[in-house]
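**Q** Here is how the chains run, residue by residue.
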Amino acid sequence: MTSETMPRMMIIDDEPIVGKRLQQSFAKLGLEVAIFTRPEEGLAAMAATPFDIVVTDLKLEGELDGMGVLARAKAINPAARVIIITGYASQETANTALREGAFEFLAKPFRLEEIKNVVLRAWEELR
Amino acid sequence: MKEASPAEVFSRFQSVLRANNRALELIADLGEKLGGDYLFDRRYIEITVDSLVTTVGESIANLDTLRGKRHQALHDAYQRLTEELRLVLSRREDRNGPRFLDLGAILPRDLALVGGKAAHLASMRHDPSLTVPDGMVITSRAFHDLIDHNLLRPELDTFEALMADREADAAELDRSRQRLERAMTRAEPPPGFLPELAASLRLLCPDDHSFLAVRSSAQEEDMDFSFAGQFRSLINIPAAPETVFAASREVMASLFAPGAVSYRRRIFPDDGQMSIAVVCQRMIPSQASGVAFSVDTMNLRQDTMVIVAAWGQGEAVVEGRIPTDTFIVKKGPEPFILERHVAKKTHGLYPRPTSTGTGAMGGGLGQGSQPAQATAATGGLEVQDIAPERQAIPCLTDETILTLARQVCHLETTSKWPQDVEWAIDNEGALFLLQARSLILNEGSAHDRALPERLAAYSLLSSGQGRVAQQGIGAGPVRIINHPDELADFPEGAVLVSRRDSSRFVEVMAKASAIVTEVGTPVSHMATICREFKVPCLVNVQGVLGKVTDGEVITIDTEDRRIYQGRVEELLAYNASSSMNVMASLEFRLLRRILKKVSVLSLVDPMLREFTVEGCLSYHDILRFNHETAVQTLVEMGKDEQRILSGHLARRLALPIPTGILVIDIGGGLTPEAPANDLPLTAVASIPFASILKGMLHPGIWHTAPMTVGVRDLMHSMFNPAHDVVNRQYTGHNIAVIGSHYVNLCFRLGYHFNIIDVHCGPVEQNNHIYFRFLGGVTDMTKRSRRSLMISTILTAFDFTVQTRGDLVTARLTHLPVEEMERILDILGRLVGFTRQLDVKMESDERAEEYAEAFLNGDYEIASL
Numbered sequence: 001m002t003s004e005t006m007p008r009m010m011i012i013d014d015e016p017i018v019g020k021r022l023q024q025s026f027a028k029l030g031l032e033v034a035i036f037t038r039p040e041e042g043l044a045a046m047a048a049t050p051f052d053i054v055v056t057d058l059k060l061e062g063e064l065d066g067m068g069v070l071a072r073a074k075a076i077n078p079a080a081r082v083i084i085i086t087g088y089a090s091q092e093t094a095n096t097a098l099r100e101g102a103f104e105f106l107a108k109p110f111r112l113e114e115i116k117n118v119v120l121r122a123w124e125e126l127r
Numbered sequence: 001m002k003e004a005s006p007a008e009v010f011s012r013f014q015s016v017l018r019a020n021n022r023a024l025e026l027i028a029d030l031g032e033k034l035g036g037d038y039l040f041d042r043r044y045i046e047i048t049v050d051s052l053v054t055t056v057g058e059s060i061a062n063l064d065t066l067r068g069k070r071h072q073a074l075h076d077a078y079q080r081l082t083e084e085l086r087l088v089l090s091r092r093e094d095r096n097g098p099r100f101l102d103l104g105a106i107l108p109r110d111l112a113l114v115g116g117k118a119a120h121l122a123s124m125r126h127d128p129s130l131t132v133p134d135g136m137v138i139t140s141r142a143f144h145d146l147i148d149h150n151l152l153r154p155e156l157d158t159f160e161a162l163m164a165d166r167e168a169d170a171a172e173l174d175r176s177r178q179r180l181e182r183a184m185t186r187a188e189p190p191p192g193f194l195p196e197l198a199a200s201l202r203l204l205c206p207d208d209h210s211f212l213a214v215r216s217s218a219q220e221e222d223m224d225f226s227f228a229g230q231f232r233s234l235i236n237i238p239a240a241p242e243t244v245f246a247a248s249r250e251v252m253a254s255l256f257a258p259g260a261v262s263y264r265r266r267i268f269p270d271d272g273q274m275s276i277a278v279v280c281q282r283m284i285p286s287q288a289s290g291v292a293f294s295v296d297t298m299n300l301r302q303d304t305m306v307i308v309a310a311w312g313q314g315e316a317v318v319e320g321r322i323p324t325d326t327f328i329v330k331k332g333p334e335p336f337i338l339e340r341h342v343a344k345k346t347h348g349l350y351p352r353p354t355s356t357g358t359g360a361m362g363g364g365l366g367q368g369s370q371p372a373q374a375t376a377a378t379g380g381l382e383v384q385d386i387a388p389e390r391q392a393i394p395c396l397t398d399e400t401i402l403t404l405a406r407q408v409c410h411l412e413t414t415s416k417w418p419q420d421v422e423w424a425i426d427n428e429g430a431l432f433l434l435q436a437r438s439l440i441l442n443e444g445s446a447h448d449r450a451l452p453e454r455l456a457a458y459s460l461l462s463s464g465q466g467r468v469a470q471q472g473i474g475a476g477p478v479r480i481i482n483h484p485d486e487l488a489d490f491p492e493g494a495v496l497v498s499r500r501d502s503s504r505f506v507e508v509m510a511k512a513s514a515i516v517t518e519v520g521t522p523v524s525h526m527a528t529i530c531r532e533f534k535v536p537c538l539v540n541v542q543g544v545l546g547k548v549t550d551g552e553v554i555t556i557d558t559e560d561r562r563i564y565q566g567r568v569e570e571l572l573a574y575n576a577s578s579s580m581n582v583m584a585s586l587e588f589r590l591l592r593r594i595l596k597k598v599s600v601l602s603l604v605d606p607m608l609r610e611f612t613v614e615g616c617l618s619y620h621d622i623l624r625f626n627h628e629t630a631v632q633t634l635v636e637m638g639k640d641e642q643r644i645l646s647g648h649l650a651r652r653l654a655l656p657i658p659t660g661i662l663v664i665d666i667g668g669g670l671t672p673e674a675p676a677n678d679l680p681l682t683a684v685a686s687i688p689f690a691s692i693l694k695g696m697l698h699p700g701i702w703h704t705a706p707m708t709v710g711v712r713d714l715m716h717s718m719f720n721p722a723h724d725v726v727n728r729q730y731t732g733h734n735i736a737v738i739g740s741h742y743v744n745l746c747f748r749l750g751y752h753f754n755i756i757d758v759h760c761g762p763v764e765q766n767n768h769i770y771f772r773f774l775g776g777v778t779d780m781t782k783r784s785r786r787s788l789m790i791s792t793i794l795t796a797f798d799f800t801v802q803t804r805g806d807l808v809t810a811r812l813t814h815l816p817v818e819e820m821e822r823i824l825d826i827l828g829r830l831v832g833f834t835r836q837l838d839v840k841m842e843s844d845e846r847a848e849e850y851a852e853a854f855l856n857g858d859y860e861i862a863s864l
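In order, the protein sequence lines correspond to chains A and B. Going by this note's numbering, the first sequence opens with residue 1, and the numbers climb by one from there. Going by this note's numbering, the second sequence opens with residue 1, and the numbers climb by one from there.
Treat each hint with caution, since some may be false.
Claimed, not checked - Just the calculated beta-carbon pair ranges, DEER-fashion: (1) 76/A x 65/B: 44 to 52 Å; (2) 95/A x 460/B: 37 to 45 Å; (3) 457/B x 95/A: 55 to 63 Å; (4) 339/B x 76/A: 54 to 62 Å.
Said to hold, decoys possible - Here are the simulated lysine-lysine pairs, BS3-like style, with alpha carbons at most 30 Å apart: (5) 547/B x 116/A; (6) 331/B x 28/A; (7) 511/B x 28/A; (8) 344/B x 28/A; (9) 28/A x 547/B; (10) 344/B x 20/A; (11) 331/B x 344/B.
To be verified - Here are a few chain A residues that face chain B, going by a calculated C-beta distance under 10 Å: (12) 21; (13) 27; (14) 87; (15) 108; (16) 109; (17) 110; (18) 116; (19) 118; (20) 126.
Please keep in mind that the hints were generated in silico from the structure rather than gathered at the bench. By construction, the Cβ of each residue, glycine as well, lies at the ideal position given by its N, Cα and C atoms.
I would like the entire structure built from these sequences, with the hints used as guidance.
**A** See below:
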């Protein structure tokens, strides 16, 4: 597999440990992951180069929340797979997110394996 | 006051149990997250701790209701612990505790007070294979006292707020920083401070001519962030309160030095809070000293380590000031020196002579003379020439090099991370380790895109199997353990592979590079211990014993749940060079400290002296205390014969064996069809009780012929009534209080006395067996032997056992239902087996024979 076929992945979460942990975890798969703690930074990066997989929390520090990121990300790149991770999960928010086009919705805390499986599924779909 | 009806009592008892169980579940949940397999955030911690605080409060309130009174001492303990927990959460626990602590007196819970470096030194001191100089710590509590006494709190708050703000104005931050730095160097000691310091120094240095190395020990320091060189160290300081205070002020002020501040901005951009402690160690007058790395950073893939050495004090090596020798040592069970690079050592760093010109250690006048200036970075040291004949010879002998190499590698194995160690050889040739910290490596392999391909080149022994008890990557030769007794010669750095987990593995946790078991869960005792020791651990890897052979080298990657054949250097390098050790992140550290306050159990058994409210050091202790106190209520009710025997409250058990047990059902313990009296085994719905009875009914267990009790033995029983403690618990009837998942069995069989308390349900985290055994008809010696027999048997089933004379207490927790049923059956057999056996315990060998026989299923021996 050449690096051109590697998906570009981004994580937006206001807690630095989340991005770093996931970055470390996905590095073993050979995936390069960009991490941001503010949604504006993430979206700016998305506007500069397309990202295939976006993992975002719902509650963020900045003008946007996760749903806003979802909308903007899909506007920039309709093929992007957006995964919502959040500690504020409820059935309602999950349903809303999925309805609005999120690829998957994970409630924190979750096992690393769970998010890896979701990302791998998204990767599969993108190919 | 109207007495509660039995039904009400049972219902309230159930409430206590329910609250307890819910709290235990939450505690286990927190513990599981610490394993590293989960992604969690601060919010999870806060929510869960909140629930826990509430639930423990409920448990106490329910107990109050049950017993019809307020347990004030319990409420006080609860308040105290909750306050301590809040301090941990708000990260103010570094203000709570003594100002001065001897290194030898530091406990793991003092970490926040003494800082990373001192905590690490304290644990190294407990390791018999390492020699660490004596020392004491001026704690972060002292730091905070200085801040408050000198009215610097508002400035510090401002500074910390700026540090936490990424957008903060750099000039404003610098001004605040400078103000604090200046103010700290001029800080006045609060009242009592110097006399207290003097007392601590006198304990550390009883003679008058001692000198100290005064170094920083910041909260985050040496956990995973070395802050190398950013804080001050002052060396060769006379051990007098004024000089030590002046030196420690300098060290504390260096928290606000430009280098330290910019380091913090880079590594902890969102965390403004940090305090500092000061560790004062006795100086080792060094013949030679230097630094050792347990890996060769230039060559991560080779299995080598590096030692750098110079004549004199090691600060010169650390600061790169002088020519040094370098030695490369190949690691392994038989280390050997690969390379020697001997430099021309023209200079060395030595203690500056005092003004009387006597030089070096011990000759000075202490505080009377001009003390060594505490303002230069090297304090009382100076560069001196080395005699020409010593310049070209290596400053370490081969023997010393290998000794040092072994100790450093040992440290790496116990710390589970590469180490950066400062060491010194004194004038007698003895080796001392002065400091040790985690080695931070480059990010090289963390972003190695070819890593997946490289990994594909290795053979996989297992993939995707098992559950993660503790995250990490470890490699080493396999050592299969079939029985805990085999742990005695466990090799250093080996991978422990076993069928089932055992809390006895704690004996080798420091040595093991990883643990793999065929059965087991991430919530077991052993899993908890793995997390404390940070030993990578995979449990429930079915069939693993068939896939590995003793002695073969394997690599465990818990994150991917893979076991590779051989040593996968790429993974080990990846592990070592990860840009952040997750385990040391704020959230993990917070979680670990919270768990110390909630889950560590000190109160083991009510029959032991320390089982008091004052002895409650954690929430778990409180829950345990509540449980036992609640049980007491039922027992007391049982003593009231009127209440018990009327209204069919207690029903007799009708079994082929004469147990004389009365059953009290608090709900769900009996089937709906159960008769009003003379209950058959089939009427018992209580899972744990049924299992115990099954064991007692096991063929061959209950020998019906009474033992021949000698006259002497009988005399003993007449003149040695059972303990008062026993009488409090024992009612005169054998009583089983049962629920669908619960039993408390309190009974006297033959001449001895048992209490078995069990919770056995679908939620593993709530399951426990507490077992107590006491008394007997004969003399103390025979009774102790019987205890020996019982304790041998219970240990074989992985109970945690304590014996005191003729009292045996044991516990086993967190097992799944099937395991529990099996073990309860065995307990039932044990109870039957030991009836009156102590009269036969003529010798220790007999005791062992009986234990052996029982474990082999040879129950007939008891009736011989």
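**Q** If a hint holds in the structure, say so; if it does not, say that too.
**A** Status of each hint after checking the structure:
Roughly 60 Å separates the CB atoms of residue 76/A and residue 65/B, a value that falls outside the hinted 44 to 52 Å. Roughly 40 Å separates the CB atoms of residue 95/A and residue 460/B, a value that falls within the hinted 37 to 45 Å. Checking the proposed 55 to 63 Å range against residue 457/B and residue 95/A shows it is violated: the Cβ atoms sit about 45 Å from each other. A hinted range of 54 to 62 Å for the beta carbons of residue 339/B and residue 76/A is consistent with their spacing of about 55 Å.
Proposed proximity of residue 547/B and residue 116/A is supported: the alpha carbons are some 27 Å apart, at most 30 Å. Restraint check: the Cα-Cα separation between residue 331/B and residue 28/A comes to about 27 Å, which is no more than 30 Å; the hinted pair holds. Between the alpha carbons of residue 511/B and residue 28/A the distance comes to roughly 27 Å, so the proposed pair stays at or under 30 Å and holds. A C-alpha spacing of about 45 Å is found between residue 344/B and residue 28/A, which places the hinted pair above 30 Å, so the restraint is violated.
Distance hint between residue 28/A and residue 547/B is fulfilled; the C-alpha atoms sit about 25 Å from each other, no more than 30 Å. The straight-line distance between the Cα atoms of residue 344/B and residue 20/A is roughly 45 Å, outside the 30 Å bound, and the hint therefore fails. With a C-alpha separation of about 27 Å, the suggested pairing of residue 331/B with residue 344/B holds against the 30 Å cut-off. Restraint check, residue 21/A versus chain B: the minimum CB separation of about 6 Å is within 10 Å; hint holds.
Annotation: residue 27/A was flagged as interfacial toward chain B, and the flag holds, the nearest CB pair being 5 Å apart, inside 10 Å. Proximity of residue 87/A to chain B holds as hinted, the smallest CB-CB distance being about 4 Å (cut-off 10 Å). Of the supplied interface hints, the one on residue 108/A holds, with its beta-carbon coming within about 6 Å of a beta-carbon of chain B, less than 10 Å. For the restraint placing residue 109/A at the interface with chain B, the shortest Cβ-Cβ distance is roughly 4 Å, inside the 10 Å limit, so the hint holds.
Nearest Cβ of chain B to the Cβ of residue 110/A: about 6 Å, under the 10 Å cut. The hint holds. For residue 116/A, the suggested interface contact is upheld, since its CB lies about 9 Å from the closest CB of chain B, less than 10 Å. With 10 Å as the threshold, the beta carbon of residue 118/A stays out of range of chain B, its nearest partner Cβ sitting at about 12 Å, so the hint is violated. At about 18 Å, the closest approach between the beta carbon of residue 126/A and any beta carbon in chain B exceeds 10 Å, and the interface hint on this residue is violated.
Checked against the numbered hints given earlier, the structure breaks hints 1, 3, 8, 10, 19, 20 and satisfies all the rest.
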